[in-house]
Amino acid sequence: MKKITIDHLARVEGNGSLTATIDGRVVREVKFLINEGPRLIERLAVGKTPEEDVSVAPRICAICTLSHKNAVIRAMENALGVKVPPKITLLRELMHLGEFIESHSLHLYYLALPDFVGFPNAIAMASRFPFEVKIALEMKQFGNHVMKVLSGRFIHGENPVIGGFGRYPTREELLFIKARAIQFMPFVHKTTELFCSLPYPDIPEEETIFACCEPGDGQYGLWGDEIVVSNGKKIYRDDYPRLTNEFLVPHSTAKRSRYQGKTYTVGAQARVNLLGERLRGEAGRMFTRFYNDRYRRNPLFQNAAQALEIMYCFEKIPEVVDAILSFPEDPGIIPYSAREGVGTGLVEAPRGLLIHHYEIKDGRITFADIITPTAQNAEEIERYCLIAAQKLLDEGKEELIRDRLEMVVRAFDPCISCSAHLVEVRQAEVTEWEKRLEQLKETKPIIIGLGTKNYGDDRAGLTLAERLKAAGHADAYLEEEIINDEAFWSTVEGRPLLLIDALNFGGASGQITLMPLVQVLWNSSLTHRLLTPLLDSLSLAHLKKAYFLGIQPQTLREGELSKPVTESIEKIVEILKK
Amino acid sequence: MNKVKIGVYELTGCAGDALLILDCESELVNIFAAADIEAFLMAKSDNTHGPVDVALVEGSVTTEEEKEELLAIRQRAGIVVAIGNCACEGGIQAALTASGTWEKEFKQVYKNLKHTNVRPLPSRPIDAFIKVDYYLPGCPIGQEQFLTAFTRLLAGHPPELYRFPVCLECKWHENDCLLNRQVPCLGPLTKAGCAAICPSHNLPCVGCWGPSEEANRTAEFQLLQEKGFDPESIKRKMAIYSGTTVVEFFQSLRKEKGSR
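As given, the protein sequences belong to chains A and B, one line each in that order. So the first sequence is residues 5 to 582, counted in my numbering. So the second sequence is residues 44 to 303, counted in my numbering.
Hint data in this document are derived by calculation from the structure and do not stem from the laboratory.
Derived DSS-like pairs: lysine-lysine, alpha-carbon spacing no greater than 27 Å straight-line:
1) A:138 <-> A:194
2) A:91 <-> A:152
3) A:473 <-> A:575
4) B:150 <-> A:35
5) A:91 <-> A:182
6) B:110 <-> B:147
7) A:138 <-> B:46
8) A:549 <-> A:448
9) A:365 <-> B:150
10) A:266 <-> A:238
11) A:395 <-> A:35
12) A:575 <-> A:457
13) A:238 <-> A:87
14) A:581 <-> A:549
15) A:152 <-> B:214
16) A:457 <-> B:150
17) A:582 <-> A:473
18) A:473 <-> A:581
19) B:147 <-> A:457
20) B:278 <-> A:365
21) A:35 <-> A:266
22) B:150 <-> B:278
23) A:365 <-> B:147
24) B:48 <-> A:138
25) A:365 <-> A:87
26) A:457 <-> A:567
27) A:448 <-> A:581
28) A:152 <-> A:194
29) A:152 <-> A:138
30) A:35 <-> B:110
Just need the whole structure built from these sequences, with the hints factored in.
Laid out in structure tokens, this is it:
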């Protein structure tokens, strides 16, 4: 078994790493790991006032700070019923456009381009491509300038607040932004041409699902009150869990997102695929000239899509500035008095769909849920890396794997501090569980069913243990019977253990997997309160004799067991009671 | 003359301070030319783990792994500079360390301490583990203060940083005092260096540069109460960006009262 490990992924934002495990001619798994420590940002929000959280929440991430700012403000305004006049919305849009220009030009020139021209970093690249590096610096500087004028400073500006802005930009400041945006057009043209015509390698290529905000009115745009999915479905903002499904994994830290069981892509590539036909002007012409069906299959085209968006942003700025100037009066901060409510804010961050959701009671936040683009893309990053590694291995180009995987990860422009609450990866051997369970049965293991009642398939382990007890099995227990029973744990020392529980390992509903418990502990984020007494009570030698039988749940919402899981329970009972 | 060797290291945070260094666009090429950048993960792939003259460390320590990395950085660095609120104070995430609720909150989110590829710790500033030579405060750090400090370090001089609170900078800008308008502003208690940006935008200081050492907290807190601000909300606002400092201050205040 061979491992390719990229520790400390360079030229991405934050501290992440990637591991690909290769077993002979097969790539066993790819892990995209977040090495940042946990910050518990959502828990920090609880107890604060909405205004305090508007200051704190954008601290999640420095690169997407204004996307977080717009998302948290949209959520709070929805929750508290604050309606702002068009001038404020337009100023927020201008600020968002600034962030897109800043983030995209940083990503394209500093982070991504060195891969395609063979340099370790942008500064080294400057000797061969002085013009490009200079454009990058100037474009990024312009984006920063827009952000600073609107938000108060380069990073974590406090000027945008619920109900408006503390200080409104002057006419001169706005006209300067407009004039600069127009001056940049020749450079922007070059940027879009460069990144749309790079020779993107054709590994990996595979169809996927895309999701982004629906801006409405047939326009291209950077936020909306609905999510549009590439299967044609639309999801209203408060129903966002239908897309992200994060709540389906209650005993896992890995806040993973799968839409209808499948991984999906968010970001510039998703927006250009879903909304690209709405691009007008030069961006529209560039789209017609360069867009092809590889944009749907190859994640490296995130780069090309970002370049099209840079064009969109520069064309949009003069339009937005003119619209702002048509409202000469500054609206101040719109007053509001509501102290309760529930609200969701959807925006497109440069790297994809960003969702903030808050519940407010008596002027204090009682619940917060933040879903970042990188959390949604993480599964997709692993999938495309796996496809790329396997394809290169098949073609005998093993030496290319390392660099290619880094390129794929980088194309998604992952923002690792954003996704610090996302960790870990599925790894479950799904094969031959029946044969191995038969063998295990011969060792007369103690069977413990884990789970929670009333949460759909999460009670699978409990039902199974109950069935076995009813069938007269002497060594079957429910977790509640033994969890705090020290005497029990001292008597089982030396005996094999078989733990049974619902386990989200990315399989089909009802699919069964049997693996050593240590593999669960080391490789998955599966956690369970039982594991603490287990780890305390058992020696390592004993732990190594413990096995874990997992059933892929279909639903973990309140209610009864699903049909596929019920059928799987029947199969297991048949084997174990014989 | 040998160039000064610099390393920029990122622990847990939003990476805003490293990004702000990248945001010094026009000066960036000069910075890279004036020093040998041995490590700067966000900017380059060919990073080394050798000795450096100056280590700029951003982010707070929230895992055992980061603690070990930090100890190793101290070993090989001549001067260690903490950059940004996370490194200096522990960051917004240190509020849970200060209140002693970290473990409870952690379990609420992650259920079990043994879940991840990292070994988590309650967030702490870097001087909880190593000797720090200089502190550049801010959330994020200010560009001007960084460039001034960096240039002085390159020339072998100590950086000279503001020791007074935002309130004084705000006076320089001739802003109307927000406290007089009944807006709860933390300017009197917060480290200066940001050019009093929020009061200059008609908004109260949120305290994001961390607590000023020179501020007379007891007097200020008294004053705010006299002006009719709710003490609980002032405490809560002050605690957001001050890691454990302010919580310890209130604890000591309570003890003093008790002993009287």
